[in-house]
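Asker: Keeping their order, the protein sequence lines are chains A and B.
Once you know that position 8 of the first sequence is 8 in the numbering used here, the rest is easy, because the numbers rise by one and skip nothing.
Once you know that position 100 of the second sequence is 100 in the numbering used here, the rest is easy, because the numbers rise by one and skip nothing.
Simulated from the structure, these hints should not be mistaken for lab results.
Computed from a predicted model, the values in this text were never measured in an experiment.
Lysine to any residue pairs mimicking SDA-like chemistry, simulated, CA-CA at most 20 Å apart:
no., chain 1, residue 1, chain 2, residue 2
1, B, 71, B, 9
2, A, 44, A, 64
3, B, 94, B, 29
4, A, 44, B, 5
5, B, 98, A, 97
6, B, 42, A, 10
7, B, 68, B, 93
8, B, 98, A, 38
9, B, 68, B, 28
10, B, 94, A, 96
11, B, 98, A, 30
12, A, 44, B, 39
13, B, 68, B, 3
14, A, 44, B, 24
15, B, 98, A, 59
16, A, 14, A, 108
17, B, 42, B, 109
18, A, 44, A, 99
19, A, 57, A, 67
20, B, 94, A, 97
21, A, 44, A, 84
22, B, 42, B, 9
23, B, 42, A, 38
24, B, 94, A, 54
25, B, 94, A, 50
26, B, 68, B, 27
27, B, 98, B, 5
28, B, 42, A, 1
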Amino acid sequence: NAGVTQTPKFRILKIGQSMTLQCAQDMNHNYMYWYRQDPGMGLKLIYYSVGAGITDKGEVPNGYNVSRSTTEDFPLRLELAAPSQTSVYFCASSYAHNEQFFGPGTRLTVL
Amino acid sequence: GESVGLHLPTLSVQEGDNSIINCAYSNSASDYFIWYKQESGKGPQFIIDIRSNMDKRQGQRVTVLLNKTVKHLSLQIAATQPGDSAVYFCAENKGAQKLVFGQGTRLTINP
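Let's have the full structure, built from the sequences with the hints guiding it.
Answerer: This is how it looks when you write it as structure tokens:
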């Protein structure tokens with residue numbers, strides 16, 4: 001199993017541009033999550049999903065959107081990139097209330 | 001606001017010594033905590049968890065202690081090895097697998 005995969009690994013955006021961060025898992029997990037991690041800080045939950053077709057806001061959802069059309073994929077969309085969205089983004093998945101498995105992260109810089 | 005916090009941002013120990021990483025939480029109703037290890041450039045990795053009906057839980061070379069009276073938990077790593085160098089986070093599971101992370105403690109191993 002590849003586990004949780006994320007693309008791209010790195011990205012530089014200009015203010016106002018949009019992009020989609022991709023996340024996929026091959027463990028048949030029903031729960032998936034997006035976090036952001038700012039330098040020297042812990043992770044903050046952006047959005048999560050408990051199954052295909054179901055998404056909900058986390059602690060810091062503003063400026064982001066998600067969709068969950070399949071069990072495997074959970075893309076994160078930034079519509080109008082802002083410098084405050086410069087961060088490392090981690091996707092994670094879990095089977096119900098068991099441990100979360102994290103992807104390797106996407107480092108995003110908005111200039 | 002943040003409901004879990006770590007006492008020290010950095011900790012240096014000698015190889016072979018035991019390491020103790022501390023974490024405090026604010027909500028006395030909190031009932032499920034998880035410790036994660038994050039190596040440089042990687043996503044967090046589950047180490048061990050504990051629920052409020054326990055005071056202590058042991059894994060391989062790791063022990064988590066929970067003191068509900070003073071709302072404090074600690075992660076003890078026995079016989080610290082160079083591979084233990086990482087940032088360690090405590091996280092509170094606030095239900096539906098929504099995790100709130102502390103800021104992390106960077107553990108450095110001295111040879």
